[in-house]
Amino acid sequence: MEAAAPLLEVEGLEVEFRTRQGVARVLDGIELSLEPGRTLGIVGESGCGKSITALSIMRLVPVPPGRIGAGAVRLKGEDLLQASEKRMREVRGKDISMIFQEPMTSLNPVYSIGDQIAETVRLHEGLSRRDSLDRAIEMLKAVHIPAAERRVREFPHQMSGGMRQRVMIAMALACQPSVLIADEPTTALDVTVQAQVFDLLKELQEKTGTAIILISHDMGAIAEMADRVMVMYAGRIVEEAATDEILESPRHPYTRGLIACVPHMEEEPPPERGALTEIPGVVPALTDLGSGCSFAPRCDHATDLCRSRAPQPFAVDADHRAACWLYGEAGTA
Amino acid sequence: MTGGEIHDGGADYLLDVRDLKVHFRLPRRNILTPGGTVHAVDGISYRVRRGSTFGIVGESGSGKTTAALAAMRLVPVTGGSIRLDGVEMTTLGGDALREMRRKIQIVFQDPYSSLNPRMRAGAIVREPMDLMEVGDPAERDLRVAELFDRVGLRPEQAALFPHQFSGGQRQRIGVARALATQPELIVCDEPVSALDVAIQAQILNLLRELQEGFGLTYLFISHDLGVVQYICDDIAVMYLGEIVEQSDRVSLFTLPLHPYTWALISAVPSARRRTSGQDGRVRLEGDPPNPIDPPPGCRFAPRCPFAVDRCRSEKPALREVREGHLVSCHLVGDDCVPPHAAMAGAS
Numbered sequence: 001m002e003a004a005a006p007l008l009e010v011e012g013l014e015v016e017f018r019t020r021q022g023v024a025r026v027l028d029g030i031e032l033s034l035e036p037g038r039t040l041g042i043v044g045e046s047g048c049g050k051s052i053t054a055l056s057i058m059r060l061v062p063v064p065p066g067r068i069g070a071g072a073v074r075l076k077g078e079d080l081l082q083a084s085e086k087r088m089r090e091v092r093g094k095d096i097s098m099i100f101q102e103p104m105t106s107l108n109p110v111y112s113i114g115d116q117i118a119e120t121v122r123l124h125e126g127l128s129r130r131d132s133l134d135r136a137i138e139m140l141k142a143v144h145i146p147a148a149e150r151r152v153r154e155f156p157h158q159m160s161g162g163m164r165q166r167v168m169i170a171m172a173l174a175c176q177p178s179v180l181i182a183d184e185p186t187t188a189l190d191v192t193v194q195a196q197v198f199d200l201l202k203e204l205q206e207k208t209g210t211a212i213i214l215i216s217h218d219m220g221a222i223a224e225m226a227d228r229v230m231v232m233y234a235g236r237i238v239e240e241a242a243t244d245e246i247l248e249s250p251r252h253p254y255t256r257g258l259i260a261c262v263p264h265m266e267e268e269p270p271p272e273r274g275a276l277t278e279i280p281g282v283v284p285a286l287t288d289l290g291s292g293c294s295f296a297p298r299c300d301h302a303t304d305l306c307r308s309r310a311p312q313p314f315a316v317d318a319d320h321r322a323a324c325w326l327y328g329e330a331g332t333a
Numbered sequence: 001m002t003g004g005e006i007h008d009g010g011a012d013y014l015l016d017v018r019d020l021k022v023h024f025r026l027p028r029r030n031i032l033t034p035g036g037t038v039h040a041v042d043g044i045s046y047r048v049r050r051g052s053t054f055g056i057v058g059e060s061g062s063g064k065t066t067a068a069l070a071a072m073r074l075v076p077v078t079g080g081s082i083r084l085d086g087v088e089m090t091t092l093g094g095d096a097l098r099e100m101r102r103k104i105q106i107v108f109q110d111p112y113s114s115l116n117p118r119m120r121a122g123a124i125v126r127e128p129m130d131l132m133e134v135g136d137p138a139e140r141d142l143r144v145a146e147l148f149d150r151v152g153l154r155p156e157q158a159a160l161f162p163h164q165f166s167g168g169q170r171q172r173i174g175v176a177r178a179l180a181t182q183p184e185l186i187v188c189d190e191p192v193s194a195l196d197v198a199i200q201a202q203i204l205n206l207l208r209e210l211q212e213g214f215g216l217t218y219l220f221i222s223h224d225l226g227v228v229q230y231i232c233d234d235i236a237v238m239y240l241g242e243i244v245e246q247s248d249r250v251s252l253f254t255l256p257l258h259p260y261t262w263a264l265i266s267a268v269p270s271a272r273r274r275t276s277g278q279d280g281r282v283r284l285e286g287d288p289p290n291p292i293d294p295p296p297g298c299r300f301a302p303r304c305p306f307a308v309d310r311c312r313s314e315k316p317a318l319r320e321v322r323e324g325h326l327v328s329c330h331l332v333g334d335d336c337v338p339p340h341a342a343m344a345g346a347s
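Chains A and B supply the protein sequences, listed in that same order.
Position 292 of the first sequence, counted from 1, bears residue number 292 in this note's numbering, the numbering being contiguous throughout.
Position 204 of the second sequence, counted from 1, bears residue number 204 in this note's numbering, the numbering being contiguous throughout.
Quick caveat, the hints were computed from the structure, so don't treat them as lab data.
Each residue gets a CB set at the ideal place from its N, CA and C atoms; glycine is no exception.
Incorrect hints may have been included.
As the list claims (entries may be wrong) - Label pairs and their calculated CB-CB ranges: (1) A/Leu60 to B/Asp334: 39 to 49 Å; (2) A/Asp288 to B/Gly152: 21 to 31 Å; (3) A/Arg18 to B/Asp293: 53 to 63 Å; (4) A/Ser249 to B/Pro27: 57 to 67 Å; (5) B/Pro302 to A/Pro65: 43 to 53 Å; (6) A/Ser249 to B/Gly35: 56 to 66 Å; (7) A/Ser33 to B/Glu323: 54 to 64 Å; (8) A/Asp319 to B/Gln157: 22 to 32 Å; (9) A/Ser33 to B/Thr37: 37 to 47 Å; (10) A/Glu203 to B/Arg28: 41 to 51 Å; (11) A/Ser46 to B/Val134: 19 to 29 Å; (12) A/Ser46 to B/Gln157: 17 to 27 Å.
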C-alpha cells in the first residue's frame, strides 16, 4: 500500500464565511491525502469544519457568504479549485460522490428511486433510458435490496430509513466514483441497521476500490471503518494518524478528551462507575479565534505559549502528527 | 396523600408497572378495509427501585418512548396497571392526577425544540412551580436561582432566552425545569442523544450527581448502549412493544441471553473490539417489522438467526432464568445457555 499514489490531495485549504459577527475562518490549513481503496475518517464535534471540508472538496461551499481563500484540492493531479463550473458538474457524482446523514431529505420525494439512480447514470455516461434503468436495478441488487426489479419503481416514502440509505449508496456508487464522501451516513439509523450499512460500504469498497472519506462524531464508527483518522477542532486538524495508533495512544489533549468522555460499552462492565471525563466549556466561536491554540481555553495543559501562538502540526511518531505545543517547541517542526 | 395501598416484598419500588398496554387505532383507509391497531406497548411489566436508574433500550419503533410516556399518563393507556408510590395511576383523573404528576417529571431529547423560544430561561424553570402551585410566589424566584446554580448555570442567566444558550446549557435548563416541583421520578427520554459527545459527559455526570443529591429515581430511555450501561442500574430491552430481556447492568452485558440483545450489543461499533481483533458477532437481516401486524409467536423470530418452528407459532413468556435475569426466548434453556453461545464463545 505504501507505493499507492494519492488519489485526492488537499493542501493548505482555507475557507472563510462572512457573518454578521465578522469573518469566521471555518477551515484553516487543512491538509489531507487519500489513496485508492482506503478510508479516511474525519472526527470532531459540530462546528469543527468536518462537513465544510467535504463540501469544499466537492466545491459546494456557497459563495458568497463563503470564500475559499487559499489552497488546492487535487484529484489525480487536477486542481478542482481552478476547474470550471462545467468541469465540476462532470466531477460531482462521477469522480467524487457524496452521501448524507438524512436519506429522506436528500432523496427527491416525487421521483421513483429508479429514476433518481438512472438520472445520474444518464447524465454522466450518456446511457439510454432503458440501459440506465437496468443499471439502477443492478445497483439496487449490489446494495442488497430485495426484489430490486419491483422496488426500483417505488418512492422514497415507501422505504425504511436503512433502505433509503442503501438507495443513496446505490446512487452514489452508480458511476463508480473513485472517491465517496460519507457525511455521518448512519447517524439517523438504528445500530443494527448502522452495522448493515457499514458492512455494505466495506463490501463495495473491496469490490470497486473506491476511496472513502467518512465524516462522523462517533469514534466507534470511525474505529470500525477507517484506516486513518483526522481529528478536527475549530477548523483545524489537531491530530492525524493511523486509526489504531490514535485509539491506543492519542496525543492531543482534545483527542484524549474526545475518547475518554464517551461511555464505552464494555463486554464485562465493572460494578463501580466513576464520573465520566468531561471536556469543560464549549467550542469557541469561529469569529473570534485569537492568535493562540483554539483549544487552549478548554485545555488542562495550556501555557502562556498556547494562549499566544497556535501550534503547527508536530510529528510525535512516525506517521503521527499532533498540533500541540506539548510535542514541539517554537521554531521546530 | 398516598392511598396506603400494599407494597409487595421487602424492596422499595417507586414505580410498579404491570401488564401495561398502549394500543393506537389507525383510521381505516377506505370503507372496505378495517383500520389496523398499532401495538406500541403490548403487555410489559417492570419495577423501578427507589433511588435507582431503570433503563429501557430498543431501536426506533420498539415502544420505549411510549412506555415511558404511559408511565406519566401522557398517552392513553389501553390496559394494565401503573403504581407510583403505591398509588394506581391508570384510574386517576382531574386534580388527583395533577397532584401525582408533581412527583414525576420528564427531560426531553431535543433541548432545541422542547424549550419555548419566547420565554426567558427563568420563566421556563418557574412555570411548573406556578402550574402546580409549589410554595408561594415569592419563594419561587429564589428556588429558580437555586436550581440554576444546582445544574451549573449562573442565576443571572435566568433573564436570557433559550437561543442564547448552547445545546448543553439548554439541556441543563430542561433538567432544572424537571427538578422544579421536587419530583421523585424523572423520565429521561434520550436526554443526551441530541448533544455533542463532549457535552454528553457533562449532562450524564450532572444527572448522576443530582440523583445522589436528591435521591432521585430515573426512568432512562435510550438507544445508546454505552450510555445505558454507564448510567442504568437495571435494564429492560424492548423489541416491538415487548420486553425481551431484563436484568441488572452487569449481568445483561456480561451474559446477554436473548439473541436480540446479543445482536444489539454486537452491532455497537467499538474501539476496543477493533484493537483486540475479535469479531464474534452476528448481523441481523432486515428492519424491525411493523408493530401494526406483529408476527404470531416470538416477534423477533423473522429476524432471528436461530429461530425454529416453535418460535414462529408459540409466543415465549418472559421468565426468570437466573436471579433477577428475565428473558423471553424458547431457546434459552434452564441452564442459562443462550442459542448464540457457540458463536459468542468464539470471541
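Here is how each hint holds up against the structure:
| no. | hint | result |
| --- | --- | --- |
| 1 | A/Leu60 to B/Asp334: 39 to 49 Å | 60 Å, violated |
| 2 | A/Asp288 to B/Gly152: 21 to 31 Å | 24 Å, holds |
| 3 | A/Arg18 to B/Asp293: 53 to 63 Å | 54 Å, holds |
| 4 | A/Ser249 to B/Pro27: 57 to 67 Å | 59 Å, holds |
| 5 | B/Pro302 to A/Pro65: 43 to 53 Å | 50 Å, holds |
| 6 | A/Ser249 to B/Gly35: 56 to 66 Å | 59 Å, holds |
| 7 | A/Ser33 to B/Glu323: 54 to 64 Å | 56 Å, holds |
| 8 | A/Asp319 to B/Gln157: 22 to 32 Å | 46 Å, violated |
| 9 | A/Ser33 to B/Thr37: 37 to 47 Å | 56 Å, violated |
| 10 | A/Glu203 to B/Arg28: 41 to 51 Å | 43 Å, holds |
| 11 | A/Ser46 to B/Val134: 19 to 29 Å | 36 Å, violated |
| 12 | A/Ser46 to B/Gln157: 17 to 27 Å | 22 Å, holds |
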